[in-house]
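Now for the letters of each chain:
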Amino acid sequence: MKSTFSILALITLALLSYGLYQAIIVAPREMTMGDAQRIFYYHVPSAWTAFLCFFANLVASIWYLASGDSKADAVALTTAEVGVVFCTVVLVTGPIWAKPIWGIWWTWDARLTSTLVLWLIYVSYLLLRRYSTAGQNPMLASVLAVFGAVDVAFVYMAIRWFRTQHPQPVIGGGQGSGIDPRMMHALLINWCGFLALAFLVIWLRYRLERLRQQVEEAHAMKAIAGAKGASR
Amino acid sequence: MKWVYAAYGAAWAIHIVYLVILTRGYQRLRDDIDDLNRS
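If you read the protein sequences in the order shown, they are chains U and Z. Counting the first sequence from 1 gives a position; the working numbering is that position plus 21. Counting the second sequence from 1 gives a position; the working numbering is that position plus 3.
One thing to keep in mind: the hints can contain errors.
Said to hold, decoys possible - For lysine to any residue, the following SDA-like pairs were computed, each having C-alpha atoms within a straight-line distance of at most 20 Å: (1) Lys23/U to Gln186/U; (2) Lys243/U to Tyr227/U; (3) Lys120/U to Ala9/Z; (4) Lys120/U to Tyr8/Z; (5) Lys5/Z to Arg151/U; (6) Lys243/U to Ile36/Z; (7) Lys243/U to Arg33/Z; (8) Lys92/U to Asp201/U; (9) Lys92/U to Arg151/U; (10) Lys92/U to Trp224/U; (11) Lys5/Z to Lys92/U; (12) Lys23/U to Tyr29/Z; (13) Lys5/Z to Met54/U; (14) Lys5/Z to Glu51/U; (15) Lys249/U to Tyr11/Z; (16) Lys5/Z to Trp224/U; (17) Lys5/Z to Ala57/U; (18) Lys243/U to Tyr8/Z; (19) Lys5/Z to Val47/U; (20) Lys5/Z to Ala119/U; (21) Lys5/Z to Met22/U; (22) Lys5/Z to Ala239/U; (23) Lys120/U to Leu165/U; (24) Lys120/U to Tyr11/Z; (25) Lys249/U to Ala239/U; (26) Lys92/U to Lys249/U; (27) Lys243/U to Asp34/Z; (28) Lys23/U to Gln30/Z.
As the list claims (entries may be wrong) - Examples of chain U residues toward chain Z, derived with CB under 10 Å: (29) Ser38; (30) Leu41; (31) Tyr63; (32) Ile122; (33) Ile125; (34) Ile200; (35) Asp201; (36) Met205; (37) Gln235; (38) Ala239; (39) Lys243; (40) Ile245.
Think of the hints as simulated: they come from the structure by calculation, not from any bench. The beta carbon of each residue, even a glycine, is placed where N, CA and C say it ideally should be.
Bound conformation, chain U alone (with noise of 0.2 Å):
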């Protein structure tokens, strides 16, 4: 196990270390933008990320509401703790790219308002899981996870249904749009490069979360020996 993940954490490295590359080095100077729009390559490939994760959450979720079972149940906690650190990345180089392009750090158009309130909604599933004692807690928190998703579809929808400030798709947005191959070959490896991360610290989160599940089942067993010792 020790030496997959090593073998995994190489290849992420490797691979972010190479995006790290095209994205500086080899993607052309875009001719409008300048420089700024490079921030694209950390951008857009953490928002993709994000919306995976968010998805992973979903299906989880459904499974934890059908099965009941922990081991969906740490699944949908780490894949949502990954998406909101993806999804904050988003939320970050956005506005530091908005500047220079917009003059402004953030307007309220409908793909930045919906992200925003991505953002919260699994900000807020993180702080009941975290926060709530109540013993439907995961099963709540599974219901809040089916509303994030339908928030994730819009935010993706947000520029081909509205007229917003923010860019116009450059992938699979129709007739006028794509990217010189050199910049989508960047944007292709930063993406592989952040898959491979979210997938290893899902993976690393998932093993604590299941180690955190079997201390807590351990402290109930101990309070139970406990307080049938005291009752004799």
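Please build the complex by placing chain Z on the supplied structure of chain U, with the hints as guidance.
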């Protein structure tokens, strides 16, 4: 390029902070397991 470096730096700072939080969580859990084993 300063905006690019700022964005890339911020992205890595977020990932590193999260990994530090995970490591601390693991250490707390290990302490908890040690306490359980002792009692």
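Here is what the structure says about each hint:
1. Lys23/U to Gln186/U: violated (46 Å)
2. Lys243/U to Tyr227/U: Status violated; Cα separation ~24 Å.
3. Lys120/U to Ala9/Z: holds (12 Å)
4. Lys120/U to Tyr8/Z: Given pair Lys120/U, Tyr8/Z holds - Cα atoms ~14 Å apart, limit 20 Å.
5. Lys5/Z to Arg151/U: violated (37 Å)
6. Lys243/U to Ile36/Z: holds (13 Å)
7. Lys243/U to Arg33/Z: Within the cut-off at roughly 17 Å; holds.
8. Lys92/U to Asp201/U: violated (43 Å)
9. Lys92/U to Arg151/U: holds (17 Å)
10. Lys92/U to Trp224/U: With a Cα-Cα distance of about 13 Å, the restraint between Lys92/U and Trp224/U holds, given a limit of 20 Å.
11. Lys5/Z to Lys92/U: violated (44 Å)
12. Lys23/U to Tyr29/Z: holds (16 Å)
13. Lys5/Z to Met54/U: Roughly 14 Å between the alpha carbons, so the hint for Lys5/Z and Met54/U holds.
14. Lys5/Z to Glu51/U: holds (16 Å)
15. Lys249/U to Tyr11/Z: violated (57 Å)
16. Lys5/Z to Trp224/U: violated (34 Å)
17. Lys5/Z to Ala57/U: holds (8 Å)
18. Lys243/U to Tyr8/Z: violated (52 Å)
19. Lys5/Z to Val47/U: holds (18 Å)
20. Lys5/Z to Ala119/U: holds (13 Å)
21. Lys5/Z to Met22/U: violated (41 Å)
22. Lys5/Z to Ala239/U: Since the Cα atoms of Lys5/Z and Ala239/U sit roughly 51 Å apart, the hinted pair is violated (cutoff 20 Å).
23. Lys120/U to Leu165/U: violated (33 Å)
24. Lys120/U to Tyr11/Z: Roughly 15 Å separates the two Cα atoms, so the pair holds.
25. Lys249/U to Ala239/U: holds (15 Å)
26. Lys92/U to Lys249/U: Measuring from Cα to Cα gives roughly 29 Å; hence the hint is violated.
27. Lys243/U to Asp34/Z: holds (17 Å)
28. Lys23/U to Gln30/Z: holds (18 Å)
29. Ser38: Violated, because the Cβ-Cβ distance from Ser38/U to chain Z comes to roughly 12 Å (cut-off 10 Å).
30. Leu41: OK, holds: Leu41/U within 10 Å of chain Z, min 7 Å.
31. Tyr63: holds (5 Å)
32. Ile122: holds (9 Å)
33. Ile125: Hint violated; Ile125/U Cβ to chain Z Cβ min 14 Å, cut 10 Å.
34. Ile200: violated (17 Å)
35. Asp201: violated (17 Å)
36. Met205: With a minimum Cβ separation of about 18 Å from chain Z (threshold 10 Å), the hint on Met205/U is violated.
37. Gln235: Constraint on Gln235/U satisfied, holds at 9 Å.
38. Ala239: Holds. Min distance 5 Å.
39. Lys243: holds (7 Å)
40. Ile245: Not OK, violated: Ile245/U not within 10 Å of chain Z, min 14 Å.
Violated hints, in rising order: 1, 2, 5, 8, 11, 15, 16, 18, 21, 22, 23, 26, 29, 33, 34, 35, 36, 40; the structure is consistent with all others.
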